[in-house]
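Peer 1: So you can see what is in the structure, the chains are spelled out below.
Number of protein chains: 2
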Amino acid sequence: MSSPPYTLYFGTFVHLPREKTGLNHELAIQHGALWVSNADGRIQGFDWNVHSDEDLLALITSKGWVVEGSSAPTFSKRPRVRIVKAEEERNEFFFPGFIDTHIHAPQYPNAGLFGSLTLLEWLQTYTFPMEKSFQDTHRARAVYNRVIARTLANGTTCASYFATIHVPATNLLADLCKRAGQRALIGRVCMDRTDQTPADYRDESPAASVALTRDVINHIRTIDPNGEFVKPVLTPRFALACSKDAMHGVAALAKKFDPPLHIQTHISENKNEVAAVESIYGMSYADVYATHELLTPRTILAHAVHLSDAEKATVRARGAKVSHCPASNSALGSGICPVRGLLDAGIQVGLGTDVSGGYDASVLENVRQACLVSRLYRHTDASITDDEAQRMTLSVGDALYLATRGGAELVDLAGEVGGFDLGMSWDAQLISLGGDVSDLVTGGGDENRVDVFGTESWGEKVEKWVWNGDDRNVRAVWVRGKLVHRRGGSLQKDCSAWSSSSWGWLWGVGAVTIGAFITLRRLK
Amino acid sequence: MSSPPYTLYFGTFVHLPREKTGLNHELAIQHGALWVSNADGRIQGFDWNVHSDEDLLALITSKGWVVEGSSAPTFSKRPRVRIVKAEEERNEFFFPGFIDTHIHAPQYPNAGLFGSLTLLEWLQTYTFPMEKSFQDTHRARAVYNRVIARTLANGTTCASYFATIHVPATNLLADLCKRAGQRALIGRVCMDRTDQTPADYRDESPAASVALTRDVINHIRTIDPNGEFVKPVLTPRFALACSKDAMHGVAALAKKFDPPLHIQTHISENKNEVAAVESIYGMSYADVYATHELLTPRTILAHAVHLSDAEKATVRARGAKVSHCPASNSALGSGICPVRGLLDAGIQVGLGTDVSGGYDASVLENVRQACLVSRLYRHTDASITDDEAQRMTLSVGDALYLATRGGAELVDLAGEVGGFDLGMSWDAQLISLGGDVSDLVTGGGDENRVDVFGTESWGEKVEKWVWNGDDRNVRAVWVRGKLVHRRGGSLQKDCSAWSSSSWGWLWGVGAVTIGAFITLRRLK
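Chains as they are written, first to last, in the numbering used here: chain A, 1 to 524; chain B, 1001 to 1524.
Simulated from the structure, these hints should not be mistaken for laboratory data. Hints should not be assumed to be uniformly reliable.
Claimed, not checked - In silico DMTMM-like pairs for lysine to aspartate or glutamate, Cα to Cα no more than 20 Å straight-line:
(1) 1271/B with 387/A
(2) 256/A with 293/A
(3) 1271/B with 293/A
(4) 255/A with 215/A
(5) 132/A with 1456/B
(6) 1244/B with 1287/B
(7) 1271/B with 381/A
As the list claims (entries may be wrong) - Each pair of labels, with its calculated beta carbon distance range:
(8) 1309/B with 279/A: 35 to 45 Å
(9) 1447/B with 76/A: 38 to 48 Å
(10) 1383/B with 88/A: 52 to 62 Å
(11) 1382/B with 179/A: 42 to 52 Å
(12) 280/A with 1388/B: 22 to 32 Å
(13) 1447/B with 280/A: 44 to 54 Å
(14) 415/A with 1382/B: 40 to 50 Å
(15) 384/A with 1199/B: 32 to 42 Å
(16) 19/A with 1283/B: 42 to 52 Å
(17) 1019/B with 88/A: 52 to 62 Å
Glycine is no exception: its CB is placed at the ideal position from the N, C-alpha and C atoms.
Excised from the complex, chain A in its bound form (with noise of 0.2 Å):
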């Protein structure tokens, strides 16, 4: 059976209205029903009067819908519609997708293994032998699958991958992720400097750097002709890791697409790599990429922990955006990222996860971090205020902006997805934090790790499920309106009662009399 025309969602709708610069971001939390068309996965419009099965019916009913799984007529014309609830009994929520917008797919395996090391070791420690297997495509494809599953199960509907620098496996990251259908951004790693990377894992020219990200482009332009779900990003390692030559070869072929094409990199991330690259070069960390014209408004820059304020303006003029990676900063010791003084330089900012630097494929553990940061920076300078470090300070709704508004800003797709507004695409996840907890005894009601107790707000289980929830919150997840990833029991609401009735198709003709049979719970 064909997918209908439309899937109404039902229930609570949470996301971050988009605003151009700053913090102080206030969670928009609205109840009703949203439609999308199945056709292009957009939001094609929304109810928020829409509060009871009645208020859904003659909703319905005005819209001249037929309810999928009623059974009405198969002759009808009438455009049919499928009904997915969050259910008030539940806590649940349609929140939007999350964006993770610097991960390293092949490090999984290694997340959770840093020891007590710092960047530059961990490096020749951890990474570069793992990359280094993934010239087995066999490996590579178990280990992108599972990459894959998890981050869906995560919420993670965006994802701005680092793979290795092996074409095919690179060119599978890609197959993979369009047939799960999760949007990705695919960047085969450029990497030719013979002084700080491995004989035998490194490209062996500049000139093998461009050519080989040129097969995964074309590979990836191959399946993918429009976009739709994978495009490539070009992946000059770091400054220490790339040659001038590779990097001005990697600068010239963005530009020889309309659009130019999508780059990330790595910046400032720890002080002995910031001194190394300024004594390598001659100056600092972000003129090195100005110079080399990897500076972009489709420029990634992964974690910008320690840029001065010249480099912040550089950045700002040159329009390239900020990956802030807060779980793998603090793992490796790198630093607190200012992000207040990033987003009042100008500066556009998402979060990533920098799986394996980071420990957690989760975005959501990096809206925690974020937010747990934040409220630390005040400590690493004795000048900084009450009042400053008070505004400073991201809250949940800053950083839930950051994981959703703001990384589709660094994968320019503002305004495309990231919320909910008309037009947008259903990129979304359905959240669950269970049943209320209060009348329970010992040992019940265990199915997550977030407790509501019944007397919180709606803000409040919003906040709730920020610091304490994880992927078993995560119910259901779509990308371009599809599902990708579902947890546990069936989503859509159950009309079988309607489909044993011969009455049932009168849902397309507005019968008054209908919400006696039917089996949905009102909504409070």
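Could you slot chain B onto chain A? The hints should help.
Peer 2: Same frame as chain A, now just chain B:
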């Protein structure tokens, strides 16, 4: 059927050997068998040469035991033994139970609710109103049952609880802990300063603080005379909430017992709090407690983020100990506790969740946070060198030590719990990481958040557990040898084949051929 005299645990055992001071703790990882007397719950012996089912059989034979569930004649006088196996194929291991040295049980419904507030505002806004509601004992029962269930499910076998000022609810917390089989210190909160506490939530007088606390002590001594599970702990909230007379009265009360009673309070959590204490008392925070004789070898001081060197010396001289609560310290922006500095000063340190300043009732989350903030500490002081920073970094082994052995020191149970030494109580958890995922395709094996790919060493598996583990990995929890929490299927080895065989009784006399028809799989 009564419990057999022994339980034999078989598989991989991980703990931290006891050391007097310092960090750099290495995991001890052993494979074999360990047996516990079910009469007293103590570890009676172990044999690290038991690596196969044949070895296990030989051990049982040599001990003259009969396996429970085999069809040995009921008149057999041989001691029966129950077998619990950590499955190698499921990446399972036994680990000591966690000790949560600082948790506010009544604040649990507020877990995750703190907004962007810091300590003193948070107390007034969230905490005092919540605690006040525990005058309703029905409410207290629902919340306390939940807290105990949650902490047990997270592997907490011993907790030092702050309750509220209410005697009935505090007595109830003791009752419920004892019934659930969780070790606990139970503290009725003393707070009587009229300038810093709400008029409707404080003790009426210093005398009331002492008298009401006595009531709770009497109750706990009645229900558990030997303190096998629950013990009282004197709990003056903190210097800003207690009058001098109340602090003197509590200190005097502690000394009336032999050994003196446990004491717990807060110290030096937040800079504004420290300034307020010094302003009111005209001396340092540590000196306030020293002057009032609250610093004893059985005193737990929560936080200790901003102690001066002189204060550390005072704390050390009195033998008081520190509960490090990293999740809370980050969430409320309090700062980074210099754990290495405390240890260098000779102060014992354990971990606390500090619910609900801390957002999570999991000690494991605080193991993670302890590691993370120790890696950020270097950024609080530009003069810290790389070597010094490395020395301040807590490894996974260090943080797990704090969560087990360190915590045992704080609750004065060192040598009793926190490790797997001969004669210690079997307070333990069975951790399961699940089967290897390397050969899975999309979507499989996601019953927990840890992915083992099959190439990891046991040390690396423990690291993965620390960084991505949660309550899903806690398959079982024991306190004093008794099972107090279980997740999923049966724990005991399947002995059904033995029961159906008339030869089963031969287990008791050492049948050489018995391996041929048992269902056990060989340990690799």
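Peer 1: Which constraints among the numbered hints does this structure fail? Numbers only, ascending.
Peer 2: 3
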